[in-house]
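Residue numbers (the working numbering), protein chains in the order written: chain D, 1 to 385; chain A, 1 to 352; chain X, 1 to 319.
Simulated from the structure, these hints should not be mistaken for laboratory data.
Just so we're clear, the structure is a prediction, and the values are computed from it rather than from any experiment.
Worth double-checking, as some hints may not be accurate.
To be verified - Below, computed lysine to aspartate or glutamate pairings styled on DMTMM-like, alpha-carbon distance capped at 25 angstroms: (1) A:K284 x D:D346; (2) A:K300 x X:D150; (3) D:K380 x A:D51; (4) A:K264 x D:D33; (5) D:K343 x A:E215; (6) A:K111 x A:E154; (7) A:K149 x A:E135; (8) A:K284 x D:E117; (9) A:K347 x D:D309; (10) A:K284 x D:E47; (11) A:K264 x D:D261; (12) A:K98 x A:D118; (13) X:K217 x D:E379; (14) A:K111 x A:E135; (15) A:K313 x A:D282; (16) D:K174 x D:E193; (17) A:K165 x A:D199; (18) A:K98 x A:E154; (19) A:K284 x D:E193; (20) X:K217 x D:E40; (21) A:K284 x D:E32; (22) A:K264 x D:E317; (23) D:K350 x D:D365; (24) X:K217 x D:D176; (25) A:K146 x A:D157; (26) D:K350 x D:E379; (27) D:K343 x D:D270; (28) X:K217 x D:E351; (29) X:K217 x D:E227; (30) X:K217 x X:D158; (31) X:K217 x D:D309; (32) D:K42 x D:E250; (33) D:K380 x A:D157.
Stated by the list, open to error - Pair ranges (Cβ atoms, derived): (34) D:N196 x X:V129: 49 to 59 angstroms; (35) D:S96 x X:T206: 17 to 27 angstroms; (36) X:G146 x A:A163: 50 to 60 angstroms.
Cβ atoms here follow ideal geometry from the backbone N, Cα and C, with glycine treated the same way.
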Amino acid sequence: MADAEKNEKAMEPAADATPNVTEVETVEAATEDAAVAAIEAKVDRGEPILQVRNLVKHFPLTQGILIKRQIGAVKAVDGISFDLYQGETLGIVGESGCGKSTVAKLLMTLETATAGEVFYKGQDITRLSGRALRAVRRNIQMVFQDPYTSLNPRMTVGDIIGEPFEIHPEVAPKGDRRRKVQDLLDVVGLNPEYINRYPHQFSGGQRQRIGIARGLALNPEIIICDEPVSALDVSVQAQVINLMEGLQDEFNLSYIFIAHDLSIVRHISDRVGVMYLGKMAEIGSDTEIYDHPTHPYTQALLSAVPVPDPESREGRERIILTGDVPSPANPPSGCRFRTRCWKAQDKCAKEIPLLAIPERFAGTDSPAAHESACHFAEEKDVVHA
Amino acid sequence: MTITDMPADVPVPRSGEDHGSKLLDVRDLHVEFHTRDGIAKAVNGVNYSVDAGETLAVLGESGSGKSVTAQAIMGILDMPPGRIPQGEIFFRGQDMLKMSAEERRKIRGNKIAMIFQDALSSLNPVLSVGYQLGEMFRVHEGLSRKEAKTKAIELMDRVRIPAAKERVSDYPHQFSGGMRQRIMIAMAMALEPDLIIADEPTTALDVTVQAQVMELLAELQREYHMGLILITHDLGVVADVADKIAVMYAGRIVETAPVHELYKRPAHPYTRGLLDSIPRLDRKGQELYAIKGLPPNLLKIPTGCAFNPRCPKAEDICRTDVPALVPVTEQDGTELPGRGSACHFWKETLHG
Amino acid sequence: MPDLTKTPSASEEAAAIVAGTPVTSDAGPAPEKPRSLGADAWRGLRRNPLFVVSGLLILVILLVAAFPGLFTGANPDTGDQANHFLGKPNLGHVFQEDWFGYDGTGRSLYARVLYGARNSIIVGLGVTVLVTLFGGLMGMLAGYFGGFWDSLISRLTDVFFGIPFLLGSMVVLNAFTDRTVWVVMGALAFLGWTQIARVMRGAVITTKHADYVVAAKALGAGTRRILFRHILPNAIAPVIVVATISLGTYIVAESTLSYLGLGLGDGSISWGGDISDGTQFIRNFPHVLLFPAGALSITVLAFIMMGDAVREALDPKLR
Chain D
1 MADAEKNEKA
11 MEPAADATPN
21 VTEVETVEAA
31 TEDAAVAAIE
41 AKVDRGEPIL
51 QVRNLVKHFP
61 LTQGILIKRQ
71 IGAVKAVDGI
81 SFDLYQGETL
91 GIVGESGCGK
101 STVAKLLMTL
111 ETATAGEVFY
121 KGQDITRLSG
131 RALRAVRRNI
141 QMVFQDPYTS
151 LNPRMTVGDI
161 IGEPFEIHPE
171 VAPKGDRRRK
181 VQDLLDVVGL
191 NPEYINRYPH
201 QFSGGQRQRI
211 GIARGLALNP
221 EIIICDEPVS
231 ALDVSVQAQV
241 INLMEGLQDE
251 FNLSYIFIAH
261 DLSIVRHISD
271 RVGVMYLGKM
281 AEIGSDTEIY
291 DHPTHPYTQA
301 LLSAVPVPDP
311 ESREGRERII
321 LTGDVPSPAN
331 PPSGCRFRTR
341 CWKAQDKCAK
351 EIPLLAIPER
361 FAGTDSPAAH
371 ESACHFAEEK
381 DVVHA
Chain A
1 MTITDMPADV
11 PVPRSGEDHG
21 SKLLDVRDLH
31 VEFHTRDGIA
41 KAVNGVNYSV
51 DAGETLAVLG
61 ESGSGKSVTA
71 QAIMGILDMP
81 PGRIPQGEIF
91 FRGQDMLKMS
101 AEERRKIRGN
111 KIAMIFQDAL
121 SSLNPVLSVG
131 YQLGEMFRVH
141 EGLSRKEAKT
151 KAIELMDRVR
161 IPAAKERVSD
171 YPHQFSGGMR
181 QRIMIAMAMA
191 LEPDLIIADE
201 PTTALDVTVQ
211 AQVMELLAEL
221 QREYHMGLIL
231 ITHDLGVVAD
241 VADKIAVMYA
251 GRIVETAPVH
261 ELYKRPAHPY
271 TRGLLDSIPR
281 LDRKGQELYA
291 IKGLPPNLLK
301 IPTGCAFNPR
311 CPKAEDICRT
321 DVPALVPVTE
331 QDGTELPGRG
341 SACHFWKETL
351 HG
Chain X
1 MPDLTKTPSA
11 SEEAAAIVAG
21 TPVTSDAGPA
31 PEKPRSLGAD
41 AWRGLRRNPL
51 FVVSGLLILV
61 ILLVAAFPGL
71 FTGANPDTGD
81 QANHFLGKPN
91 LGHVFQEDWF
101 GYDGTGRSLY
111 ARVLYGARNS
121 IIVGLGVTVL
131 VTLFGGLMGM
141 LAGYFGGFWD
151 SLISRLTDVF
161 FGIPFLLGSM
171 VVLNAFTDRT
181 VWVVMGALAF
191 LGWTQIARVM
201 RGAVITTKHA
211 DYVVAAKALG
221 AGTRRILFRH
231 ILPNAIAPVI
241 VVATISLGTY
251 IVAESTLSYL
261 GLGLGDGSIS
271 WGGDISDGTQ
281 FIRNFPHVLL
291 FPAGALSITV
301 LAFIMMGDAV
311 REALDPKLR
């Protein structure tokens with residue numbers, strides 16, 4: 001009885017958080033061939049290419065040495081939904097532990113989702129296998145955070161960038177590969193003659209370029225970037241950001257750009273989603289989020305970012321949050337941000353706020369009319385104040 | 001050309017040459033490391049000073065020598081492979097490099113304290129936080145175990161760790177990142193030092209926590225009227241808390257300036273490039289300016305100005321002559337107190 | 001100012017980086033030639049006197065083990081008890097039959113030390129190869145697949161770890177009447193694989209979480225490619241070190257077993273057996289004991305020194 005109640009409670013958030021995002025046009029693929037064909041189809045610019053619906057990832061916490069018993073779960077991602085449109089950059093920001101890296105792993109099918117769907121051109125990739133999954137993997141690539149650990153130190157640059165061709169031999173015939181690798185090196189701004197060197201012979205920024213070249217090798221449609229510049233020096237960050245922007249235009253890529261640096265995310269993104277404790281707090285265009293935030297967490301986050309302008313240091317209003325992010329193994333009831341929120345009321349502890357356009361702004365053409373998961377959403381410009 | 005004729009180690013003009021008046025005065029400091037591949041020149045003639053109650057931000061990228069300078073001041077450089085071939089570090093008028101190991105140990109922690117980036121690895125995981133905080137009092141002031149514990153609780157209260165009394169016996173891993181950094185600050189504050197060196201104190205923290213910790217640090221500094229050297233690569237953090245800034249590149253200071261002046265009108269192409277290359281939170285920019293090339297290899301620092309291969313203004317003289325850090329002035333010759341630039345073309349950069 | 005506000009496009013500034021301007025050559029210690037980590041380790045090794053000395057020693061020992069006949073004409077198996085019974089060593093007669101003196105049956109000790117190397121080396125190398133292959137495989141399976149396989153293999157290694165190595169092999173060898181080199185090798189390997197398995201498991205677990213392994217998975221790489229192309233080359237270093245050092249200990253183990261009469265069967269020449277023979281003359285004719293014992297010590301020392309040198313070259317933390 002008690003168990004059943006608990007189960008029900010555990011199910012609640014996902015069920016509750018049904019977002020008001022557009023229905024996904026799923027493509028029923030009866031055969032593997034049909035699925036592959038759907039995956040290989042072209043999507044027009046501005047059309048949704050990746051649609052995430054109620055995605056959930058719980059990591060079980062177990063106890064016991066031989067017989068493992070589940071005693072709880074870390075709710076890393078707890079029911080998030082968003083769309084990625086062809087040719088755009090969607091930024092995802094949040095602090096450590098908010099689940100943004102887990103989202104990246106789920107989209108890459110490196111982790112198995114606990115619940116929810118990820119539709120790539122109408123195909124739910126969480127359910128694919130075999131040839132269809134390989135086709136998806138070819139089309140969704142990743143750039144990693146740490147250029148020092150993401151390249152195998154025992155392989156030459158040529159082997160690293162050429163590995164995608166070995167795994168997906170249909171993309172490039174064998175004799176062609178070396179030339180392709182050299183082309184890729186050229187594209188990311190490295191000397192093609194470096195093909196036989198090893199990663200440790202390069203600096204951080206150059207290694208990140210190698211990582212990007214590997215990501216480009218299979219000519220993907222989506223690149224998921226998990227903190228791609230946070231390990232780099234300031235003067236090198238700009239080079240890599242510019243390179244990524246240039247490549248997006250050249251190869252018609254869609255990016256999901258995950259980062260904790262809000263300034264860089266604003267610079268590169270067309271739309272931005274703000275995550276807190278496994279949930280999406282607010283999502284909208286870069287202007288909507290940065291200049292017209294309506295969720296208190298977004299406002300606090302933005303106001304905490306140090307601005308490289310000493311003139312603003314006296315006048316600027318700072319929202320200093322108290323306390324730390326609660327543990328994702330035991331998140332607060334209702335709104336997850338309520339324990340640190342200055343607006344929190346009883347309602348926030350009882351009801352989970354939906355990610356939706358707040359009623360008071362609905363129907364208006366105000367830039368505040370974007371999706372925000374707060375019972376008391378109101379606009380507050382903290383960046384220019 | 002007259003500029004380059006000046007000796008390379010002329011310090012920025014400051015209020016008199018008497019080191020006694022300064023809390024800390026670093027003079028022409030050089031540090032090198034002997035590695036398998038050769039000698040890495042990490043610091044090549046650094047001059048800076050801090051007064052009580054003042055915040056100096058040392059800004060630089062990895063390999064600029066900003067942390068090595070701090071380690072040399074603290075006396076915690078690994079020697080060997082490190083070596084200080086040249087330079088003086090005056091603390092209250094006394095050259096610490098000439099002191100005995102015992103004298104330096106007494107200054108360390110007592111008069112000068114340091115806060116590190118990684119609080120978790122700076123705290124001993126097998127000792128309780130209260131014990132580690134109390135250790136300072138037991139070692140330096142000879143307090144009993146019980147007295148030390150009381151002091152530890154007081155300290156934890158002062159850095160606003162909630163429920164200090166209950167948490168004093170907890171171990172470092174039981175605290176969150178922000179709380180651990182508070183404990184590090186409490187430890188540094190324990191003996192009310194005159195100078196605190198904070199090496200990237202908030203880099204590992206989330207923005208919302210970063211703001212809390214920086215505020216705490218600034219508040220404590222005001223309260224105790226301490227000198228603070230803030231070492232960072234974050235131009236945002238610097239703008240928020242610094243009084244004056246020293247920008248380092250390849251082991252040298254390339255520009256010094258009061259905080260407001262530096263952001264408004266940089267006098268060195270490197271500083272200008274850095275400022276232009278960071279995206280802004282408050283507006284959507286076009287393509288970012290990117291400083292071309294890569295930070296220099298310390299084993300093979302370019303001749304002349306170390307920045308010359310990456311500099312848009314570089315000319316022949318930059319490849320041959322090392323520019324000295326010279327005072328910069330307004331176009332009409334009016335002095336700009338505290339400002340200096342190590343660029344042959346500072347006039348063009350500042351006024352151009 | 002205009003030149004500063006001008007933002008070079010990605011490809012332009014990239015070109016600036018490539019163009020072979022000083023910018024690139026200043027980038028980190030990037031020499032002109034490709035330098036693999038293996039080549040780096042080799043460079044470090046060659047400069048290490050520990051490696052040079054132990055390497056030369058091991059080379060000589062291997063040569064002796066392979067071709068003992070090259071170094072002496074004397075027969076190690078037949079002695080002349082009448083003329084040479086416990087004959088004293090003649091240190092001036094370098095490389096001659098009586099260099100190290102004679103044993104209790106009048107056999108040349110010099111010849112016996114040379115021929116004894118063969119069995120020691122065969123057993124040492126053989127056990128190391130077997131243990132590295134089997135232990136390495138077990139460790140890799142446990143480390144990479146985790147879960148059930150890890151529990152199973154880890155418990156198994158725990159059980160074997162609980163058996164004292166020497167005592168265990170004595171019990172096993174006692175069951176055999178015809179103790180050939182292969183039997184001894186098998187017995188030692190049977191009990192010795194756990195150490196390598198544990199080292200390998202630990203190294204694989206560390207490596208499998210590395211970003212480059214995740215990157216390979218994201219590309220859709222299969223298990224075999226991930227294991228043999230990404231994990232193994234990066235996890236093998238500590239295994240090589242442990243294997244080199246244990247080679248010496250397996251040689252000691254073989255000698256100890258032979259000393260106790262449980263090693264190689266009658267007729268096989270072994271340093272352990274000779275040491276055992278020598279103990280009865282220790283008071284008046286210590287040379288009978290000292291020469292085989294010395295040979296054993298030097299061999300073991302050489303492998304341990306080699307292991308240390310390899311560790312130094314492969315361990316990035318010591319660089």
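Here is what the structure says about each hint:
1. A:K284 x D:D346: With Cα atoms ~38 angstroms apart, K284 (chain A) and D346 (chain D) exceed 25 angstroms; violated.
2. A:K300 x X:D150: 49 angstroms, violated
3. D:K380 x A:D51: Given that 25 angstroms is the threshold and the Cα spacing comes to 40 angstroms, the pair is violated.
4. A:K264 x D:D33: At roughly 61 angstroms apart (the allowed maximum being 25 angstroms), D33 (chain D) and K264 (chain A) break the hint.
5. D:K343 x A:E215: 23 angstroms, holds
6. A:K111 x A:E154: Roughly 20 angstroms separates the two Cα atoms, so the pair holds.
7. A:K149 x A:E135: At roughly 9 angstroms apart (the allowed maximum being 25 angstroms), E135 (chain A) and K149 (chain A) satisfy the hint.
8. A:K284 x D:E117: 33 angstroms, violated
9. A:K347 x D:D309: This hinted pair holds, its Cα atoms lying about 23 angstroms apart.
10. A:K284 x D:E47: Holds, because 24 angstroms separates the two Cα atoms, which is no more than 25 angstroms.
11. A:K264 x D:D261: 23 angstroms, holds
12. A:K98 x A:D118: Measuring from Cα to Cα gives roughly 30 angstroms; hence the hint is violated.
13. X:K217 x D:E379: It is violated: about 43 angstroms lies between the C-alpha atoms, which goes past 25 angstroms.
14. A:K111 x A:E135: 16 angstroms, holds
15. A:K313 x A:D282: With a Cα-Cα distance of about 29 angstroms, the restraint between K313 (chain A) and D282 (chain A) is violated, given a limit of 25 angstroms.
16. D:K174 x D:E193: 19 angstroms, holds
17. A:K165 x A:D199: 29 angstroms, violated
18. A:K98 x A:E154: 36 angstroms, violated
19. A:K284 x D:E193: With Cα atoms ~37 angstroms apart, K284 (chain A) and E193 (chain D) exceed 25 angstroms; violated.
20. X:K217 x D:E40: 21 angstroms, holds
21. A:K284 x D:E32: Since the Cα atoms of K284 (chain A) and E32 (chain D) sit roughly 44 angstroms apart, the hinted pair is violated (cutoff 25 angstroms).
22. A:K264 x D:E317: Since the Cα atoms of K264 (chain A) and E317 (chain D) sit roughly 21 angstroms apart, the hinted pair holds (cutoff 25 angstroms).
23. D:K350 x D:D365: Roughly 31 angstroms between the alpha carbons, so the hint for K350 (chain D) and D365 (chain D) is violated.
24. X:K217 x D:D176: Holds: K217 (chain X) and D176 (chain D) sit about 24 angstroms apart, inside 25 angstroms.
25. A:K146 x A:D157: The given pair, whose Cα atoms are some 17 angstroms apart, holds under the 25 angstroms limit.
26. D:K350 x D:E379: 23 angstroms, holds
27. D:K343 x D:D270: Outside the cut-off at roughly 29 angstroms; violated.
28. X:K217 x D:E351: 40 angstroms, violated
29. X:K217 x D:E227: Given that 25 angstroms is the threshold and the Cα spacing comes to 19 angstroms, the pair holds.
30. X:K217 x X:D158: 32 angstroms, violated
31. X:K217 x D:D309: 43 angstroms, violated
32. D:K42 x D:E250: 16 angstroms, holds
33. D:K380 x A:D157: Violated, at roughly 33 angstroms.
34. D:N196 x X:V129: 49 to 59 angstroms: 32 angstroms, violated
35. D:S96 x X:T206: 17 to 27 angstroms: 22 angstroms, holds
36. X:G146 x A:A163: 50 to 60 angstroms: 39 angstroms, violated
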